[in-house]
Structure formats: C-alpha cells, structure tokens
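Chains as they are written, first to last, in our numbering: chain A, 1 to 232; chain B, 1 to 265.
Please keep in mind that the hints were generated in silico from the structure rather than gathered at the bench. Fair warning: this is a prediction, and the values are worked out from it, not measured in the lab. Note that CB positions come from ideal geometry on N, CA and C, so glycine has one too. Treat the hints loosely; a few may be bogus.
If the Cβ cut is set under 10 angstroms, some of the chain A residues that face chain B in the computed set are [said to hold, decoys possible]: (1) Lys12; (2) Thr15; (3) Met16; (4) Gly21; (5) Arg28; (6) Lys55; (7) Phe58; (8) Gly59; (9) Asn60; (10) Arg85; (11) Val87; (12) Leu88; (13) Val108; (14) Lys199.
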Amino acid sequence: MTAMIDITDAGKTFTMHLQGGIELPVVRGVTFQVNPGECVVLSGPSGAGKSSILKMIFGNYRCDSGRIGIRHRGKLVDLAAAEPRQVLNIRRSTIGYVSQFLRAVPRVATIDVVAEPLIVNGMSRTDAQARAGELLHRLNIPERLWQLPPATFSGGEQQRVNIARGFISDLPILLLDEPTASLDAANRAVVVELVAEKKRQDVAMVAIVHDDEIRHLIADRIVDVTSFAAAA
Amino acid sequence: MADQNLIENDEPLLVAKSLSKSFGRINACRDVSFSLHPGEVLAIVGESGSGKSTLLQLLSGQLAPSAGHVSYRMRDGVARDLASLGEAERRFLFRTDWGFVHQDPAQGLRMAVSAGANVGERLMAVGWNHYGRIRDTASDWLTRVEIDTARIDDAPRTYSGGMRQRLQIARNLVTEPRLVFMDEPTGGLDVSVQARLLDLLRSLVAELNLAVVIVTHDLAVARLLSHRVMVMKGGRVIETGLTDQVLDDPREPYTQLLVSSILPP
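So that you can see chain A by itself, here it is in the shape it has in the complex (with noise of 0.2 angstroms):
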C-alpha cells in the first residue's frame, strides 16, 4: 500500500528570542505513516508535542530537520521543503485540518463559513450551500442559525461549525485536532460517524481526541508521541 503521509526523522526546536534566546525543544525523530482509510491517533500527555506534529504536517509549523512527506496528486511532496504556493496548494486539494477553534472571519454567515472549502474548489454556491446545510443538520446546528455568523455561537456550536467545514470536503487527507472536546454525547457519536465515513471514503487521517472512549472508537493505530519528545 502507499502510504498518504510519510513522515521520517522530523524534529522541531523553538528558539524564543525574547526570553534570552532559551532553546525549546518540542520533538525529535518522528517518524511514522499513514496510509489510506487508516485513523492514526497520537498519544502522549500534555506538552508532548501532539499538536505541534499535526501542524508539522499542515506546514503551519516549519520543521527543522527531516520530511514531510504528503501524496498529492499522486507524487510524493516533501512538504518541509514546499514553496508557500505548494503548501497552498497541497492544502486546497489533499490536506484538511480541523482545528482546535473556529477561527471566523468577521461577518460572515454559518452556511458560507461551512460552505467555503467546496466553493474554493469550484463547486457552485448553490450545491456547495446544500451539503453544507446537510452537514449542520446532522451536526445539530439549528438552521434558524445559519445565516449568523459563528462568532457569537457557544463554544460547543462554534466547534460544530468548525467539524462540519473540517468535514465538508472530500480531500484525501484530514488532520484533527481534538474534534471533540467540547462536545456532548450525541455529537460526539456524529463525529465518530463523521469520521467512520471518511474511512470507508479511503481517507487517511491523523487525530488528536483525549476522550478514551471516542480513541477506541476511531483508531487504527495509535502513536505514541512520547518516543518522538526531544529531551532538553
């Protein structure tokens, strides 16, 4: 099988130039993969570095040493040595993230938040905004809430809208960021759904999820973020 991520001896430092120049370790050595319709879950406690391996992976952290490798399009791209506009691209059409908070544009309604992903990749408004509404729907988001915008949601609506536009495209790459957490049972069991579909949809996928029980539920394979720690 071919693996979507390949990742092999990544390693990330923070140097904060403002407190001295001290020197912050987050990992080192990672190296693992995943392949299509597999769910990969990182495990470790906090401060492990989970987070910082996922936005590793979406090049929102720059690596310092090592690959990153993403199939896109069928080739192999070492996404720790991409140009920014392969980055964009790669991201536009192979990887999804959803991540820990929706970061709302100002003004902007649910329908379109959710819908923008599909627009971007030139669906058209109309068939964009049905699967959107499909997917708040079974998110439990009320449609009364649709034409708002998120930013005066809850936090546990604004998570959903955050899901449902994590969710709402068809890429062949998803990166999650502890998808769950603020959510309660039978959104959580949406999720669990949500991803399930993904897989059958050959999907890789790369989580983050406390909650043991939704870990048990979608994991293939977990990985165990603490070999990866770069002592200080």
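Starting from the known structure of chain A, arrange chain B on it as the hints suggest.
Same frame as chain A, but now just chain B:
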C-alpha cells in the same frame, strides 16, 4: 481563503530583483527580491520606517530604485522592466491593469466630484464613452462595495471615512485590474468599520482573482487577507513565508516581538 485560482500558474506577474533605494545616506530599502503570481496576496509588514512604503513605491514604479529592477508581465504575456516603460505606458498601466489604494482616500479620490464620476472616470480613461453604460457600471460597483446608490451623485467629501475608503476601492477595481497595491487600507478607520472593509476586500480579491501587494503594520490584516508575508526591518526583508507559518511560528527575534505584541482579542 482566496486560493481558488492559485492553480499551478507558473508565470509570475510581478518580479522584484535585488531592489534597493537610498536617500542620501539612508538605505530605505535593501536588496529585496520576490515574485508574485496572479491571484496571490502578499503582505508587507513591519513598523514605521522599516521601508514598507518605499518598497511599495518602487514596485509600482512611482520611485526609481537605486539598484535592482522590477518587471511586470503585461496583458500580452510579455514581462517588461518598469524602468524601460515610457511615462505614457506607465500611466496607462496605472489606469487599466493596476490599482493603488491609499491609506487616505482623499489621495485616491477626487473629493469634489460625484461618487459616480469618481468611478466612471476610470472607465472613460480606458475608452468607455456611453454615458448610460458608465453610470450603470458605476452604480453596480457602488452596490458591490455596499454604498447606497441613492448617494451616487454626492461628492465623497460628504461621505464617512469608511464609505470613502469603499469608494476608493470601487474606483480602483472597476477597470478589472490584475494587480492592486494597497498602503494601509484600513489604517485610519474605526475597528468596526475596519472589519467590514476587510471582509469586503477579502471577498473581492477572491472573486476577481486579484494579485495584491498590501502594506500594513496590522498583523490581523495580514492574517485575514494574505497568503504570504514579508517582514521588513531597517529596509531589509528579515523573514518571509506562508502567512500562518510566519505568524504562528515566527523565527526572527523581530518577528517574534511583533507577534507577541498583538493584544489578545
């Protein structure tokens, strides 16, 4: 984001090579190189005096560099060195293929003539001569920038700051330019007015597949609008990359200082 048209189009629109500018002993801009592709939004950030505005003037051909050069790919697909263009050619470029949004709308508008004429004037400059069509297009553009068309015959000096800025944007975009330079476009506005303008700019830039070079000292503006960012200090580019990368994982001491100085929302 505005990525829909960043298809692998490998011909850059604007290329800057080793640009430098000195005013006497002061080096306002040193050895700046980059290229900008169609549909790409580049933010230039840094504090006052870092050389941002000088760079913008060099890029838009309003200032001649002391060293280096800027080339622009014309509509016929041929890249031309700005220095080789005649004054008339350069002015034509400015009227058609380029826009320039100033921080102070009074610099980019004619304050005493009507809003409709401010927008229509750009069309006439590119050869439109049918009054009815010019007025219809002007009124379309006022609607697109959320100005009530009932105000079409009023002069911008009767407009609020936010309206003036939106009118300046309409005036710039009506000729469907491919490249727009913006100098602190939200600089003098109230926070609430800023948010509305940013949102408007963001959707227009995506819809029209505009390439933009935007100078701002506001990192929130850079985050919302730009794909890439260049951080300037003392006339040099000290850090550059994807906007979220530079803002979430800044490497240079000065960039870390800038990022850490943002007040939490």
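Here is what the structure says about each hint:
1. Lys12: With Cβ-Cβ at 9 angstroms, under 10 angstroms, it holds.
2. Thr15: holds (7 angstroms)
3. Met16: holds (7 angstroms)
4. Gly21: holds (8 angstroms)
5. Arg28: Arg28(A) check fails; min Cβ-Cβ to chain B is 16 angstroms, beyond 10 angstroms.
6. Lys55: holds (7 angstroms)
7. Phe58: holds (9 angstroms)
8. Gly59: Status holds, d = 7 angstroms.
9. Asn60: holds (5 angstroms)
10. Arg85: holds (6 angstroms)
11. Val87: This hint holds: Val87(A) lies near chain B, its Cβ roughly 6 angstroms from the closest one there, short of 10 angstroms.
12. Leu88: Holds. Min distance 5 angstroms.
13. Val108: Given a least distance of 7 angstroms, the restraint on Val108(A) holds.
14. Lys199: Since the shortest Cβ distance to chain B is 27 angstroms, the answer is violated.
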